[in-house]
Amino acid sequence: MSSMEICGLIEQTILREDPDAHVDKVPVADGGEGFVDAYLTMCGGRKYEKLVSGPLFEPVRAYWGMLTDDCTAVIEMSAAAGLELLTPEQRNPGNTTTLGVGELIIDAVEKGARKIILGLGGSATNDGGIGMAYALGYRFLDEAGQELPPVGFSLARIHHIEAPAGKRITDTVIIEAACDVDNPLYGSNGAAHIYGPQKGADADMAARLDAGLVNLAVRLSEDMGIDISRIPGGGAAGGLGAGAVAFLDAKLHSGIDLLLDAVNFDEMVRHADYCFTGEGRIDGQSLSGKTPVGVARRAQKYHVPVIGIAGSLGRDIDSLYDAGFTTVISTIRSLNTLEETLKSCREDLCAAVRSVIRLIVTMEQHKS
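For the sequence shown, the numbering used here gives the first residue as 834, with consecutive numbering after it.
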């Protein structure tokens, strides 16, 4: 379900139980899928479509958004290099590329963008952003001076980085990269080891890709004088966070905070009695910059109770209560297959919200 659909279902359920309630809907995303739609829904603007290179270099029709100021573009990297573009059998972060992300950036600049908000999340890649950089004119050479394909497996073989003679993205274009995590580029908590497995990497491949990211950092330091080794969020989107800093001079931000600031969320939540938020799964990793924690921390400042709703919960959710959650509940009502769960997900969401609202209404009645 999209953020907008979930907001609508929660609103409908609340109003059925409490017709006098007032509901403000704020569809949000932290940099992954739905990032562009969230911005366009809340801020206004229009979509552009572009045929670009997909994660396996195949053509895909991707989109990005231009806000109503006609100079701020919003791009989600997953539109061109997302995991959802591949079948489970195709997933291999050693062979995938962010080339199409660079092509989207060029298209936005050519259409007048002077500021780009780049969403980092939901990637099928682990190329450190060299695919994106390739679209911008960078070349990555092996020890023999031969050009390497811009994929994850090439990282360990980079001997020299050749910068383009002229920049395709000028210094006047501001790039803000929205991260959904704060992991560093490499290491035990880096892009390959933490997120590689969900993209199709086994332990050996993750170690190989991690070594490649280390080599990329060394080459960028020696060839370009840029240190990306320990940037919080550098490991986002398979290292695209670090790549955006190195090749685009981007500034990394919490994706959810960027969007919440853009829609003036603090002013909305400070007047609320309760705040609902959630995602597919809430667990300890949610503390690394995920949407619901970003929302909960804002609400916590104004002492607004926060109800977290997720399809599944980790066993390590106790730490989330310190981050602003009042309660965290699962929508799953019985043990089912994934297919059965997907069929009933809307009904299950409404049932979970109904239980919470009935409790809230009863408590409010007792207060009065």
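Where hints are given, some of them may not hold.
Cross-link-like lysine-lysine pairs, in silico, DSSO-like; alpha carbons within 27 Å at most [unchecked claim]:
#1 Lys1084 - Lys883
#2 Lys1200 - Lys1084
#3 Lys880 - Lys1084
#4 Lys858 - Lys880
#5 Lys883 - Lys944
#6 Lys1176 - Lys1134
#7 Lys948 - Lys1084
#8 Lys944 - Lys858
#9 Lys1134 - Lys1000
#10 Lys1200 - Lys948
#11 Lys944 - Lys1084
#12 Lys1084 - Lys1176
#13 Lys1084 - Lys1134
#14 Lys1000 - Lys948
#15 Lys948 - Lys880
#16 Lys858 - Lys1176
#17 Lys1000 - Lys883
#18 Lys883 - Lys948
By construction, these hints were calculated from the structure, which means they are not laboratory data.
Hint check results:
no. : hint              : result
1   : Lys1084 - Lys883  : 25 Å, holds
2   : Lys1200 - Lys1084 : 48 Å, violated
3   : Lys880 - Lys1084  : 24 Å, holds
4   : Lys858 - Lys880   : 21 Å, holds
5   : Lys883 - Lys944   : 12 Å, holds
6   : Lys1176 - Lys1134 : 37 Å, violated
7   : Lys948 - Lys1084  : 12 Å, holds
8   : Lys944 - Lys858   : 31 Å, violated
9   : Lys1134 - Lys1000 : 43 Å, violated
10  : Lys1200 - Lys948  : 50 Å, violated
11  : Lys944 - Lys1084  : 22 Å, holds
12  : Lys1084 - Lys1176 : 40 Å, violated
13  : Lys1084 - Lys1134 : 26 Å, holds
14  : Lys1000 - Lys948  : 16 Å, holds
15  : Lys948 - Lys880   : 16 Å, holds
16  : Lys858 - Lys1176  : 24 Å, holds
17  : Lys1000 - Lys883  : 21 Å, holds
18  : Lys883 - Lys948   : 19 Å, holds
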